[in-house]
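Protein chains: 4
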Amino acid sequence: MRSAPVAAERLAARYDAVRRATERIAEPLSAEDCAAQSMPDASPIRWHLAHTSWFFETFVLARADAGYRRFDTRFDFLFNSYYNAIGERVARPMRGKMTRPDLGEVLEYRAHVDRAVARLLEREAPPALELGLNHEQQHQELMLTDLKHLLALNPLRPCYRERASTATVPAAPLRFLRFEGGLHAIGHDGTGFAFDNEGPRHQVFTQPFELAARPVTNGEFLEFVEAGGYQDPQWWLSDGWDWVVAESIRAPEYWSREERGRKVFTLAGELDLAPSEPVAHVGFYEADAFARWAGARLPREDEWERAAAGLPVEGHFAESGELHPRPTIDRDASAPAALFGDVWEWTASPYVAYPGFRPASGALGEYNGKFMSNRMVLRGGSCASPGSHLRATYRNFFVPTARWQFSGFRLARDA
Amino acid sequence: MRSAPVAAERLAARYDAVRRATERIAEPLSAEDCAAQSMPDASPIRWHLAHTSWFFETFVLARADAGYRRFDTRFDFLFNSYYNAIGERVARPMRGKMTRPDLGEVLEYRAHVDRAVARLLEREAPPALELGLNHEQQHQELMLTDLKHLLALNPLRPCYRERASTATVPAAPLRFLRFEGGLHAIGHDGTGFAFDNEGPRHQVFTQPFELAARPVTNGEFLEFVEAGGYQDPQWWLSDGWDWVVAESIRAPEYWSREERGRKVFTLAGELDLAPSEPVAHVGFYEADAFARWAGARLPREDEWERAAAGLPVEGHFAESGELHPRPTIDRDASAPAALFGDVWEWTASPYVAYPGFRPASGALGEYNGKFMSNRMVLRGGSCASPGSHLRATYRNFFVPTARWQFSGFRLARDA
Amino acid sequence: MRSAPVAAERLAARYDAVRRATERIAEPLSAEDCAAQSMPDASPIRWHLAHTSWFFETFVLARADAGYRRFDTRFDFLFNSYYNAIGERVARPMRGKMTRPDLGEVLEYRAHVDRAVARLLEREAPPALELGLNHEQQHQELMLTDLKHLLALNPLRPCYRERASTATVPAAPLRFLRFEGGLHAIGHDGTGFAFDNEGPRHQVFTQPFELAARPVTNGEFLEFVEAGGYQDPQWWLSDGWDWVVAESIRAPEYWSREERGRKVFTLAGELDLAPSEPVAHVGFYEADAFARWAGARLPREDEWERAAAGLPVEGHFAESGELHPRPTIDRDASAPAALFGDVWEWTASPYVAYPGFRPASGALGEYNGKFMSNRMVLRGGSCASPGSHLRATYRNFFVPTARWQFSGFRLARDA
Amino acid sequence: MRSAPVAAERLAARYDAVRRATERIAEPLSAEDCAAQSMPDASPIRWHLAHTSWFFETFVLARADAGYRRFDTRFDFLFNSYYNAIGERVARPMRGKMTRPDLGEVLEYRAHVDRAVARLLEREAPPALELGLNHEQQHQELMLTDLKHLLALNPLRPCYRERASTATVPAAPLRFLRFEGGLHAIGHDGTGFAFDNEGPRHQVFTQPFELAARPVTNGEFLEFVEAGGYQDPQWWLSDGWDWVVAESIRAPEYWSREERGRKVFTLAGELDLAPSEPVAHVGFYEADAFARWAGARLPREDEWERAAAGLPVEGHFAESGELHPRPTIDRDASAPAALFGDVWEWTASPYVAYPGFRPASGALGEYNGKFMSNRMVLRGGSCASPGSHLRATYRNFFVPTARWQFSGFRLARDA
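Residue numbers (the numbering used here), protein chains in the order written: chain H, 37 to 451; chain G, 37 to 451; chain R, 37 to 451; chain E, 37 to 451.
No lab work stands behind these hints: they were computed from the structure. The beta-carbon is built from N, C-alpha and C at its ideal position, and this holds for glycine as well. Heads up, a few of these hints could be off.
Short, incomplete list of chain G residues facing chain R, as computed with Cβ under 7 Å [stated by the list, open to error]:
no. : residue
1   : SER117
2   : ASN120
3   : ILE122
4   : GLY235
5   : PRO236
6   : GLN267
7   : ASP275
8   : TYR390
9   : ASN404
10  : PHE407
11  : ASN410
12  : PRO436
13  : ALA438
Listed next, the stretches of chain R that the computed footprint assigns to chain G, with coverage defined by at least 3 CB atoms under 8 Å from CB atoms of chain G [as the list claims (entries may be wrong)]:
no. : segment
14  : 155 to 164
15  : 227 to 240
Anything over 12 Å on all C-beta distances counts as not near chain H; from chain G, calculated [claimed, not checked]:
no. : residue
16  : CYS70
17  : VAL126
18  : PRO194
19  : GLU246
Please construct the entire structure, taking both the sequences and the accompanying hints into account.
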């Protein structure tokens with residue numbers, strides 16, 4: 037990652053804004069809501085609150101501030117996520133079983149770190165601070181998706197935040213935009229912050245292709261479901277089919293079938309499935325199977341980035357507070373709509389290093405590079421991503437079966 | 037179970053005493069401590085608080101009080117433990133993932149049930165009330181052992197309740213008492229409350245035997261550990277050996293080995309292992325292996341009951357607040373010491389029905405009878421059992437690998 | 037086990053008869069049929085052929101004959117079943133993956149051992165020989181049941197041995213015989229061979245009881261199946277219900293449902309289910325659930341033995357070559373029919389040591405004693421047991437879910 | 037796949053040559069060796085013999101020859117590998133439990149198919165025949181690697197084929213060759229047979245790079261092992277590290293450590309590890325970790341193909357009968373040595389579709405396309421590959437943990 041020169045006062049304000057945004061996510065929740073872990077891939081809200089502070093403590097304060105006194109030295113063991121170079125840690129599936137420190141103590145820990153960072157920022161702009169803020173924004177999104185996964189388990193069908201009823205908008209008709217082939221450059225050019233995995237910028241040769249102007253909708257995906265798509269192996273990659281059979285997958289995560297029709301669990305509780313909204317919470321295998329069934333394919337990440345290059349990072353992000361994708365409004369005939377926000381978009385690209393990739397040195401080198409196998413790239417951010425966190429070159433990545441993010445997709449085809 | 041005629045006022049007082057005792061266990065704990073589930077066999081404290089209330093609601097109020105209004109009808113699904121006849125329920129390993137209702141709501145639920153029971157007791161003494169109280173006392177013990185298991189996972193080594201330092205008493209020398217063989221009766225005679233599995237009282241023919249005057253101590257068990265007892269298959273039942281190998285079992289639960297010697301995790305935090313205390317938190321396989329190594333055996337449950345018959349139910353129970361076994365004081369040459377309290381004692385007897393056993397009808401018939409396979413009988417109660425809950429005929433039962441109860445044992449041998 | 041004085045010539049003839057009977061079981065089989073292992077609980081036929089020879093080599097020849105030269109010293113590792121005192125061995129589930137030595141070499145191994153035993157018997161009657169022969173007879177039965185389990189997996193539905201069509205006999209009406217309570221002795225009295233777990237003979241006090249005159253039939257069990265017995269938890273022990281749900285158990289092993297009605301896989305291939313035959317291949321949980329549904333219970337092992345005491349060991353055994361249970365003919369109003377042969381009968385008794393039990397010393401002490409947990413006792417032998425191998429005091433034992441033996445049951449009830 | 041015009045007589049000769057080569061692999065083996073399955077990923081030799089015949093029956097004879105009579109219609113169920121479009125089949129891990137048809141019958145099945153193909157080739161050159169032959173050649177390699185995995189389990193350490201002792205040649209010093217960047221084309225151009233996944237040929241833009249002139253040797257890999265490479269997470273991808281820990285991986289498959297030094301199991305039995313031979317039987321994670329430790333990386337598949345383009349397909353293949361990699365002789369300063377044969381070479385490229393890829397229609401479309409997730413590409417063939425089967429464009433693929441193939445790697449680095 038490369039840290040741009042930013043004035044310390046602006047950094048302090050940004051630090052404060054990001055930290056407060058994290059805490060606002062936890063505000064409506066009980067200690068219990070903040071304590072539980074729904075599955076090994078997810079973490080308790082309280083753990084996120086603490087881990088993001090540990091990150092600043094470990095990679096900023098302990099390195100930049102010789103006089104810094106750690107809040108509790110045992111927190112390395114409790115709140116290290118996966119940095120082998122830092123040492124041993126609580127096994128991931130055990131995070132929900134750590135009942136101490138409690139929520140009050142974790143909030144004190146946050147305040148302790150915040151005071152130390154504020155003092156530090158009076159003197160200097162430490163190199164890893166910007167990374168720490170981007171890291172915390174990633175965890176803001178995870179807090180929302182982990183919380184959704186947790187609440188969905190509860191038969192009381194809890195509501196986290198009431199949703200202003202969106203007047204139902206019909207989905208724009210599906211159209212494709214054509215892109216010419218040839219050599220073009222992808223990857224981050226080094227201006228402003230980016231994660232290490234976004235570079236180096238490099239040339240790729242692309243065939244001509246077409247990209248859908250909007251993501252696939254619930255209504256379109258429902259057709260696949262009702263046409264027996266989940267029961268027919270011809271649409272599926274072999275590993276995907278094994279997964280569908282082993283886990284009895286029949287629909288996107290959070291969809292259910294009740295007497296009165298299809299329902300979907302949201303952060304506003306259980307609602308009727310809205311056909312015009314982008315489909316969310318599908319895994320890569322489902323996106324890929326749908327695309328094959330529809331006679332199309334998923335875009336490669338360089339195709340996606342080429343289409344997004346030069347477009348403003350605008351869309352429907354976490355800041356709206358809706359925390360649910362909106363139907364796509366497709367106004368501009370010349371550009372794809374909703375590339376940013378609403379739903380992360382699965383691509384056909386395995387997550388691997390760009391040519392010439394060099395991970396950061398030390399423990400921070402574990403941030404991205406070590407996950408470069410068995411994961412697929414997603415692009416564009418979601419309705420749970422902070423908008424200021426996204427870029428056209430941003431590479432998110434998950435295993436193909438992951439469904440608890442707001443993950444959808446758009447179609448592509450060979451031109 | 038048979039409910040003796042008890043005056044309603046006395047019942048109301050007893051009801052109140054038992055319910056308050058349950059809540060006192062939770063009092064020092066945070067919402068987080070009450071929310072987590074350490075393993076599928078254990079439950080969250082908050083679940084225990086709710087489930088014991090659900091028991092009164094379901095088996096007392098809903099049956100005796102036509103006008104009773106349930107606190108929340110959805111709680112059947114949330115707080116039914118294992119009664120198939122009542123219907124579907126949250127899968128046991130998921131209890132720690134239910135973050136709603138929170139602790140405050142559960143305490144309101146308790147108060148709601150308490151008010152209704154109080155009103156009911158003004159009119160009548162409902163048949164299942166005594167069962168409900170005994171059921172709640174069982175859960176008081178489970179709350180303490182589940183809590184211990186949970187806190188032990190935390191690297192902060194939390195202390196639940198400070199323990200008054202017991203002056204270290206040396207263990208009494210091990211001696212055996214002889215009992216003659218012949219026909220004698222075991223099982224509950226129907227006077228006062230008993231669980232269905234304690235009857236019918238019936239005759240058994242016993243060979244002469246000898247029974248140790250006190251339970252095996254930590255010091256004695258440590259000899260077995262240090263003699264390589266956990267590495268030598270000759271002492272173990274085949275299933276026990278498979279378990280030792282598969283789980284890498286090397287010592288009783290909660291024992292650890294640090295630089296400065298053997299430690300043991302207790303509800304007062306981590307302490308030095310005290311050789312004179314009865315060994316606790318061993319499974320049946322370990323008790324059985326130790327006995328074979330020591331040239332002895334475990335007593336059968338009829339032998340244990342014969343030795344306990346007629347003795348007062350006195351000992352070291354939960355009421356002391358110590359929540360840890362005390363060294364046995366062996367004062368009476370004519371009777372075994374510490375049969376009641378300190379540690380549950382594994383017997384050599386599989387848990388099966390007594391001849392003529394009839395489970396209660398309806399859902400309550402699931403209370404005991406359906407567990408009559410693959411479990412071994414333990415007798416006598418522990419330092420976490422309410423003393424008023426125990427009897428010489430009381431049959432506790434666990435699978436042979438269970439170690440999270442205060443379970444120890446005493447030796448026997450053929451005479 | 038106690039070995040009676042037997043003249044060496046008679047021993048040699050008996051040795052020869054038992055060894056040849058083993059080989060006759062393998063005769064109609066291909067090398068492939070002899071090589072495969074259908075599940076960890078079962079073993080390849082070739083392994084049985086070798087292991088029974090290893091038993092004589094290890095416990096007879098190596099101990100009695102100083103000049104004996106082992107066929108191949110590496111066979112200890114390959115053909116030791118579970119004797120920890122003998123040393124390391126091939127893990128049980130791997131037996132089917134050992135392709136060397138092949139069938140021809142194993143038969144040479146048998147001949148090598150037979151020659152050495154023959155020489156030895158000219159000089160003496162070694163103590164463990166009788167045990168070796170009984171051991172081999174146990175393996176004869178396992179060869180048949182392991183083979184049945186293996187062939188049942190094959191969609192070609194192979195036939196091992198054609199079965200002379202038994203004229204269908206209706207099942208005798210179900211009647212119960214009454215036995216008075218009181219003190220009586222069970223266990224082997226030391227006359228002739230017995231396994232160590234059959235003794236010591238000792239007194240038990242029994243309540244009066246009634247025992248069914250014949251085993252439960254397929255027709256009766258089918259009523260339970262069709263009444264939804266496998267779908268209703270009220271009939272099942274808790275562990276049994278968990279097993280039924282987890283494994284989707286719906287009928288006895290080897291039953292299938294086809295268009296033209298119920299079928300059952302047998303060693304003669306797939307046949308129509310015959311209602312009058314004793315039900316076979318049920319586990320303890322199924323037997324127990326049926327009994328509860330039928331308003332009865334399983335007999336305890338002392339009840340069974342009391343009923344069998346003094347009766348001749350007659351019935352339908354492996355010697356008939358039919359290898360399938362026959363309908364019970366109930367001719368004698370004063371005694372239960374078919375106690376011996378046809379199907380092993382599950383009892384309500386966990387397999388534990390008799391009072392005063394002492395296992396044999398050394399490795400042979402592992403023969404029976406170490407399995408005394410989590411298993412239930414079966415009595416009487418089956419259509420796959422050699423008749424000469426059985427006794428009224430004989431205690432077979434399996435875990436409650438085991439179904440690949442010819443295991444059935446008869447009902448009992450309190451008198 | 038595209039079938040080139042080949043005269044029928046030449047096809048018949050080629051058919052015969054391939055089929056006989058398959059049978060020669062099985063010739064030295066017993067029925068037992070041909071029957072067992074060492075793990076779910078491997079198959080019994082007898083299954084390979086049958087499945088390759090089923091392939092011709094299903095995709096050639098049943099489609100081209102209206103009068104063809106199947107040998108046994110039930111073989112579809114037994115010998116279909118993974119073609120969902122053909123129907124249900126024996127679950128993969130069960131292949132070793134199918135003891136019928138036996139080896140003799142399977143050889144008759146082969147002869148039956150061969151006669152029908154011979155008759156057919158008198159009339160026409162059916163389209164899928166060439167695919168069937170390439171398919172059978174793939175299975176020839178799998179027979180050898182599956183056999184090696186099976187024999188390695190046996191404590192008798194069997195020898196499949198004696199190996200002429202190779203005079204030990206020192207490994208050539210490691211040198212790198214530079215390749216310029218730019219646009220170039222990869223993929224098969226349609227001349228002669230190729231699998232569908234090798235096309236379409238298309239342009240890619242490559243950065244300049246360097247490629248090692250030979251594969252990594254045992255001696256080099258041993259340095260990594262002895263430097264603690266398997267104990268240090270910094271070298272490993274996260275999923276690779278999890279695998280190393282969970283499976284206790286410490287060295288390449290088939291390596292063992294004995295008193296007298298490192299040994300390696302081969303198809304000639306257990307031999308001393310030869311430092312100058314290419315390392316084989318490593319997974320992708322190990323190759324990738326070694327490369328990182330060595331300050332290099334694995335080549336991408338387009339880099340590998342660029343280096344191999346235009347080189348003759350020469351090297352050490354299965355035809356030599358040695359079935360073990362030879363030390364690389366690096367004679368030609370201008371080209372990498374041993375690109376073909378000896379060991380398959382892991383690349384850094386996930387196995388995905390080339391731009392414009394279209395799988396074959398019908399069941400044959402399942403041949404390659406459905407495996408395009410979670411697998412990495414290997415290039416070049418091994419000492420167990422038939423030489424006539426290989427091409428520079430050939431894409432082999434396995435999951436990153438697969439080690440039972442002769443899989444090694446060579447290093448690359450950015451220029």
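Hints, one by one, checked against the model:
1. SER117: For SER117 (chain G), the interface hint is violated, since the closest Cβ of chain R sits about 11 Å away, which is over 7 Å.
2. ASN120: Given a least distance of 4 Å, the restraint on ASN120 (chain G) holds.
3. ILE122: 11 Å, violated
4. GLY235: 13 Å, violated
5. PRO236: Cβ of PRO236 (chain G) sits 10 Å from chain R, so the hint is violated.
6. GLN267: 11 Å, violated
7. ASP275: Cβ of ASP275 (chain G) sits 5 Å from chain R, so the hint holds.
8. TYR390: It is violated, given that the least Cβ distance between TYR390 (chain G) and chain R is near 10 Å, above 7 Å.
9. ASN404: Cβ of ASN404 (chain G) sits 10 Å from chain R, so the hint is violated.
10. PHE407: 5 Å, holds
11. ASN410: This interface hint holds because 5 Å falls under the 7 Å limit.
12. PRO436: Because about 6 Å separates PRO436 (chain G) from the closest Cβ in chain R, which is inside the 7 Å limit, the hint holds.
13. ALA438: 13 Å, violated
14. 155 to 164: Since 0 is below three, the answer is violated.
15. 227 to 240: holds (count 3)
16. CYS70: Since the minimum Cβ distance to chain H is about 8 Å, CYS70 (chain G) lies within 12 Å and the statement is violated.
17. VAL126: 7 Å, violated
18. PRO194: 5 Å, violated
19. GLU246: 44 Å, holds
Against the hints set out earlier in the document, violations occur for numbers 1, 3, 4, 5, 6, 8, 9, 13, 14, 16, 17 and 18.
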